[in-house]
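Enquirer: Sequence:
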Amino acid sequence: MTPPRVALLDAGRALAVAEEAGVPGPLATLNVFRVLLHRPKVAKAMSDLLLSMLFGGALDDRLREFVIMRIGWATGADYEWTQHWTIARDTFGCSESDLLELRDWEASDHFDDTERAVLALVDETLATGSASAAAVARCRELLGSDESVVELVAAIGAWRSISQLTRSLEIPLEEGVDSWPPDGRPGGAS
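Taking the numbering used here, the leading residue of the sequence shown gets 1, the next gets one more, and so forth.
Just to be clear, a hint being listed does not mean it is correct.
Label-pair distances were calculated between CB atoms; the ranges are [as the list claims (entries may be wrong)]:
1) Ile87 to Gly157: 14 to 20 Å
2) Glu96 to Gly22: 34 to 40 Å
3) Ile87 to Val42: 18 to 24 Å
Since the hints were made in silico from the structure, they are not lab data.
Remember, predicted model here, so these are calculated numbers, not experimental data.
Glycine included, C-beta positions come from ideal geometry on N, C-alpha and C.
Build out the structure end to end from the sequences listed, making use of the hints.
Expert: Okay, here's the thing in structure tokens:
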């Protein structure tokens with residue numbers, strides 16, 4: 001395993017900095033936050049943004065997890081895929097087949113029209129840096145509100161940022177966590 005490009009804060013120090021910055025303690029134990037807490041204001045802002053969408057957001061939980069997992073897979077972000085594999089299954093009710101089908105969702109008949117429109121918007125945004133008017137209009141039609149569309153685009157940006165951060169700084173998985181569940185097949189090649 002390659003060492004991170006920025007040292008992880010010691011677990012005790014991360015918890016102390018998190019408490020002072022107002023970052024929830026459980027986040028401070030995650031390696032991504034043990035790096036982000038080098039800049040407490042950035043860690044706090046990222047924590048607030050991510051948690052606002054994870055709990056009580058406008059998007060359906062399962063749909064949001066599809067967005068996150070697709071970004072992790074498409075960008076080759078092992079940390080993101082691996083963290084959300086467990087979160088998506090155990091907290092938000094996604095099945096293993098839901099998540100595995102995201103690898104090649106366009107060739108799959110697993111997803112409904114709304115899920116397909118959202119995944120297309122994710123891929124378009126990853127490929128071009130923005131979403132087309134047609135893709136946004138289709139998502140607005142299927143999601144039913146501007147609020148959901150805003151959150152969808154914000155979620156893509158936020159978790160794309162996490163992907164970039166974890167890959168650029170080579171943030172390692174937490175100790176004892178297996179890479180690329182369930183089968184070790186890495187993303188970034190679909």
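Enquirer: For each hint, tell me whether it holds in the structure or not.
Expert: Structure-based check of each hint:
For Ile87 paired with Gly157, a C-beta distance near 19 Å keeps the hint of 14 to 20 Å intact. Distance hint check: the CB atoms of Glu96 and Gly22 are about 35 Å apart, consistent with the given range 34 to 40 Å. Between Ile87 and Val42 the CB atoms are about 22 Å apart, so this pair conforms to the stated range of 18 to 24 Å.
Hint violations for this structure: none, all hints satisfied.
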